[in-house]
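Required output: the full structure, derived from the provided sequences and hints.
Those protein sequence lines, which keep their order, are chains A and B.
Numbering follows the working numbering, with no gaps: position 124 of the first sequence is 1007.
Numbering follows the working numbering, with no gaps: position 445 of the second sequence is 575.
Think of the hints as simulated: they come from the structure by calculation, not from any bench.
Glycine residues also receive a C-beta, built at the ideal position from the N, C-alpha and C atoms.
Here are some, though not all, of the chain A residues that point toward chain B, as calculated from beta-carbon distances under 8 Å: (1) I904; (2) P907; (3) I991; (4) K1001; (5) L1002; (6) K1026.
Calculated from the model, a selection of chain B residues having no Cβ within reach of chain A, i.e. all distances over 12 Å: (7) K132; (8) I370; (9) K544; (10) N548; (11) K610.
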Amino acid sequence: MGKIKTKDYIIIKVIKNIIDIMIPEYNNENMPKATSAINSKKFIKKIFKNKKNKEKIIYLIDNEIINQNNIKKVDLKKIALKIVKSNIIGNILEKILLTDYFTSNAVIKSLNKKSKKKLIKKKNNQNIDLLLRQVKNSEVRYKLT
Amino acid sequence: MKNDKVDILIIGAGASGAAAAWNLSQSGYSIICLEQGPIIKKESYSFDQKNWELYQQNKFNINPNIRKLKSDYPIDDKNSAISVANFNAVGGSTILYSGHFPRFHPSDFKTKKLDNVGCDWPINYDDLEYYYELNDKKMGVAGHEGDPAYPYIPNLLPAVPLEYMGEKIAKGFNKLNWHWWPSYSGIATKNIKGRKKNSRSTVDITYWPEAISNGVELKPNCHVQKITTSSISGKANGVIYIDSNNNKKIQLASLIIVACNGIGTPRLLLNSANKMFPKGLANSSGLVGKNLMLHPLGYVEGQFSEFLGSFVGPQGCCIASQEFYETRKNKEFKRGYTIQVLRGAGPLETALQIKKFNKLSFGKNFHKQFLKNYGHTVPVAVICEDLPEKSNFIKLDHRNKDSNGTPGVKINYKLSKNSKKMLSDGLNKVKKLMKKIGAKSTIAFGPVKHAGWHLMGTTKMGRSKKNSVVNEFGQTHDIKNLVIVDSSIFVTSGGVNPVSTIQALTLRITDDIKNNPKKYFNK
Chain A
884 MGKIKTKDYI
894 IIKVIKNIID
904 IMIPEYNNEN
914 MPKATSAINS
924 KKFIKKIFKN
934 KKNKEKIIYL
944 IDNEIINQNN
954 IKKVDLKKIA
964 LKIVKSNIIG
974 NILEKILLTD
984 YFTSNAVIKS
994 LNKKSKKKLI
1004 KKKNNQNIDL
1014 LLRQVKNSEV
1024 RYKLT
Chain B
131 MKNDKVDILI
141 IGAGASGAAA
151 AWNLSQSGYS
161 IICLEQGPII
171 KKESYSFDQK
181 NWELYQQNKF
191 NINPNIRKLK
201 SDYPIDDKNS
211 AISVANFNAV
221 GGSTILYSGH
231 FPRFHPSDFK
241 TKKLDNVGCD
251 WPINYDDLEY
261 YYELNDKKMG
271 VAGHEGDPAY
281 PYIPNLLPAV
291 PLEYMGEKIA
301 KGFNKLNWHW
311 WPSYSGIATK
321 NIKGRKKNSR
331 STVDITYWPE
341 AISNGVELKP
351 NCHVQKITTS
361 SISGKANGVI
371 YIDSNNNKKI
381 QLASLIIVAC
391 NGIGTPRLLL
401 NSANKMFPKG
411 LANSSGLVGK
421 NLMLHPLGYV
431 EGQFSEFLGS
441 FVGPQGCCIA
451 SQEFYETRKN
461 KEFKRGYTIQ
471 VLRGAGPLET
481 ALQIKKFNKL
491 SFGKNFHKQF
501 LKNYGHTVPV
511 AVICEDLPEK
521 SNFIKLDHRN
531 KDSNGTPGVK
541 INYKLSKNSK
551 KMLSDGLNKV
561 KKLMKKIGAK
571 STIAFGPVKH
581 AGWHLMGTTK
591 MGRSKKNSVV
601 NEFGQTHDIK
611 NLVIVDSSIF
621 VTSGGVNPVS
631 TIQALTLRIT
641 DDIKNNPKKY
651 FNK
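Structure below.
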């Protein structure tokens, strides 16, 4: 029982590390890393809904930890990086990860703030009649029947 | 189980069913409307809602084959270049539409006379003008007066702001000396009683509340399987439907109005075949389900170095150009298209799109790549006029049935040579526009597969029983108390979104029912 708990914990930790490698923090633009934006528990639950994907992920992680003498001292970040580099897991996680990340409160808030700031600097709301003057002065464009 | 007989039964509570219910509700008739979908709470489909992009992926997906809700029916589109997009609920497809609300042009009703293609409608723009205005008022349509591409359109709400991206593109149109105009938009750009400012004009909040308060009984989650006819008179006398508790019921009516769109309406008529009408109801011409028109859509996306905030503003409602709408001399195709400037995608759609085109990789460059695209793209659609072809049709699919056991639909649809040339011309013109406004790169393709919003022509209108299904008032030639009001009665498709014309036609038809009841009623 204890072993299973430890293994589950490791799997969750590795997945969290994996998604943070896939979407890291970007301080320049105030964008959070994946685990800061999304609910990791719900994310893993969604991923594991697909049994085949669940088996694949567990197999990949198992493969990496099987040769470790002390499971508690395993470098999970290193394992996560190795798995990401194998290019298998990205395909399994990407759609749900992108969906959860880009619909999260943290990301939407950050993007909105940034956009407002950038747009405020640009000239906007030019007089519409002025813009339309050329078109308005053109001839009728529709055919009479 | 039989319900009490009513004067008028409307099937479908979308754009046309709602307008019909409202207009007839003022005339003292007993009216029931049966809608196969549910009532959707306004809050759950607001485009302002945080998770609208997420919902678009599943339960509010535009494709019924992906949504697979209980109210949806299967549509086999393997033999079609374009997939159907719709929504089945009170409000119909207006629940998910962008609100782009242009009218047809005068020439759209006379393509045979003017350009020797398609067919002429038995009515013209002038016949609908009053109803366009009435509908604009009821729905709430924003725009700018004085558009040289149309006869004068009055009483519009203030136009939707172009925003920074729109202004940039407008300048590009001006440089090319091409027509452009702020989009006619079904959006409440000022405070209207009973509506939130900037809400889209969906019929569940425009027409339905008044129709219901005038006494129309709206029954959601009621799926009509067949229209029944009298074995003696051959007139329609009611429908068989499955109610929300899965009970089979009969509703009798003196007059039946079908408002199920260009796919649902022929499906129902064909599925109602009986001994007297073995080819389906109203199908003596053999044209029920034929002449399907879907508006082939081209898509061009310009990528800009500058941040344009292109996602700011209501989706689909920015600018429309009618520069290439009419037939031009020395062109290899007849008729034309609208150039519709859309808005940039939200964050999720941006990410999924650029991932698809291998422009987004996970890891340290993830955010840089995303931010290089988000708000930096200008999407433009080319809406091509689709001409009627008998070889484009729908038929019943007895192998794929809906949750109530009613056959689904199979679509056969190919782009004509005319449409292909038109589409190619449109894509090239928009690429030219993108270049003019400084796009660093452009992608262009068409027809867009998942863009079959506009479902037209499958029970066409005409004067003769031989080559049309309904007359100019939507009354079927074969059964006088069976009337169709949706876009299936369109003769040609125009090159603009059809909802404004669908509703104007509905108001005209229902006015005729009110004014000349003897023509219609089975009493």
